[in-house]
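In this text, residue positions in the sequence shown follow our numbering: the first is 1251, and each later residue adds one.
Please keep in mind that the hints were generated in silico from the structure rather than gathered at the bench.
Accuracy of the hints is not assured; some may be wrong.
What the hints assert, rightly or not - With a cut-off of at most 27 Å between alpha-carbon atoms, the simulated DSSO-like pairs for lysine-lysine come out as follows: (1) K1487 with K1519; (2) K1336 with K1395; (3) K1391 with K1324; (4) K1533 with K1327; (5) K1324 with K1277.
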Amino acid sequence: MAVAAYGQLHLDEVPVWGSRSVDCFEKLEQIGEGTYGQVFMAREKRTGEIVALKKIRMDNEKEGFPITAIREIKILKKLQHENVIKLKEIVTSQGPEGDEPVKPDANKYKGNIYMVFEYMDHDLTGLADRPGLRFTIPQIKCYMKQLLTGLHYCHVNQVLHRDIKGSNLLIDNEGNLKLADFGLARSFSGDQNANLTNRVITLWYRPPELLLGATKYGPAVDMWSVGCIFAELLYGKPILPGKNEPEQLNKIYELCGTPDEINWPGVTKIPWYNKFKPSRPMKRRVRETFRTLSTHL
């Protein structure tokens, strides 16, 4: 019988998405908490393979299936790349699990849906936060090459990630890096005329156009986040740690200077430009700030 590319399983043994129960897996420990559920390290009982289970709660009938999960599943079925996390399958549970409360109308309880991902040993933030650890220049180059390669693939396939940050960059013990958590990702068209929300991307990695209220944007918003990650790896700490949106914009202005029509054509047409324009012009200080770092590259 022919062998499929799904491990060493035969074609008639390859699981159809949504056809298997979560009982096929043994949960080992909780390793994270997402927007719409928990993440567990688990073992596939039959093969022994270690995977990550991302739980999507399905007991809220009023809101239904989370739109972020629908988008993530749809996009990850489309994206197949060595630097993008692999969604292996979808599994389900029937009714309450473990210590979950039984609903009064238990026959309507929909149970949970799990996204089954390949398991990665670390995330970039977790590694960077280890006491005494400082990434070497070759390591930084390796991680940045993989990040840019994976993100380029996403953009070529017209997908914006919209939440690039260290905790969404997963790394295994061999140093392979993969983009993860596509819950805020969206497909985009080449003309960038569609209106998209600007309430995306974690604050420290959010580009100024979104902070200024732009709703028409493209891959550049992800690239700003990549630049923040690059500087953070070199600097050893986040470079723009704002506490709120006005402070975040001010930190950007202090580093990059005041935007105007000369250095950023069209900026004055962004909705909130006048509202958040600094009271005094600020000088660009990028070169001075990172002068000592450039000697190591």
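Evaluation of the provided hints:
In summary, the hint linking K1487 to K1519 is not supported, as the alpha carbons are separated by about 33 Å, beyond the 27 Å threshold. A C-alpha spacing of about 19 Å is found between K1336 and K1395, which places the hinted pair at or below 27 Å, so the restraint holds. Restraint check for K1391 and K1324: the C-alpha separation of about 31 Å exceeds 27 Å, so the hint is violated. Between K1533 and K1327, the direct Cα distance comes to roughly 45 Å. Violation of the 27 Å bound is thereby established for this hinted pair.
For the proposed pair K1324 and K1277, the alpha carbon gap of about 25 Å is at most 27 Å, so the pair holds.
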